[in-house]
Amino acid sequence: MLSIIEHLAQSLADSNQRAPFLREIEHNVDTSSFVKPRKGKKASNAEGEDDSPEKITPHTACARCQHVPAVNEPASTLLTCGNCRVVQYCSTICQLRDWKAHRSIYCVNPINIPVDVLGKPHKAPFLMTTLPNPFARLSKGIWLHDRHKQDVYVLLIDSFRLREYDDYTFGGTSNADSVYSGRPSSLPAFRRFVYAAEAKGLMPPWWTDQKRVECLTKGIDRSADNWHDLHTMARDVDVVVVYEAAIMAMQLRVFAETVKGSGPAG
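Number 203 in UniProt numbering belongs to position 203 of the sequence shown; there are no gaps in the numbering.
One should not assume that every hint holds.
Calculated pairs, EDC-like style, for lysine to aspartate or glutamate (alpha carbon to alpha carbon, straight line, at most 16 Å) [what the hints assert, rightly or not]:
| hint | residue 1 | residue 2 |
| --- | --- | --- |
| 1 | K140 | E198 |
| 2 | K149 | D209 |
| 3 | K200 | E257 |
| 4 | K218 | D229 |
| 5 | K211 | D146 |
| 6 | K218 | D151 |
| 7 | K211 | D151 |
For each label pair, taking beta carbons as the anchor points, the in silico distance ranges come out as [as the list claims (entries may be wrong)]:
| hint | residue 1 | residue 2 | range |
| --- | --- | --- | --- |
| 8 | I142 | G263 | 17 to 23 Å |
| 9 | H148 | A176 | 30 to 36 Å |
| 10 | I247 | E214 | 26 to 32 Å |
Hints in this document: simulated from the structure, not taken from any laboratory.
The C-beta atom is built at its ideal place from N, Cα and C for all residues, glycine as well.
Model the full assembly from the supplied sequences, consistent with the hints where possible.
Right, here's the structure in full:
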């Protein structure tokens, strides 16, 4: 039996669904967190002289060609997919080239996924191990134990990414070094998240400095088949679709709360 994601991807591929219009959407990011000094300008307190840093409105990169307006062309603005309102492109050409892969993940409506599929515990296609009683393991601090190392890496990354989404959406906050503040990736903030998990004894017994490096490397892998990417944002609806389980978002959130010590509004 095909997995639900494969089924949805195939049904979309067989349909004549066209790419939605691109729209310019205000993302309300903190421009003060993405600044650079003006070259050749010395600080001065003289009246009429401006010695403040040059502010550049931050944008994420084009999902297809990785063009970054904030760095490459400050006058331009990325356009957002009018359907999912998350993924951004520099042009309709890049959107059309990326549409086949994009629609299978971001433009899938979870309402169309059968409830029995979402509610039934099962292993996501990319996970190598499945463990019973996940919430009991979360309460004991051993949720990451007895898993394949690749599973530990992606669960750490996605737990952090979902927490970033929750902090921004429900708490109205974001890390200064996060994609939600206009940075190209959330790697520095994720590194602190991993350190916090280590300090609380949540990592498996085999965890070492080398394994941490491998985990961070996984998070900055920008290959097309790596959804667990710290350069991109992850909504709860994306987690439900990618993991094929509604309960997985709750597990990721509970783990992040254990690491952080509070909820997104705390």
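>> Hint by hint, where does the structure go against what was stated? Just the numbers, ascending.
In response: none
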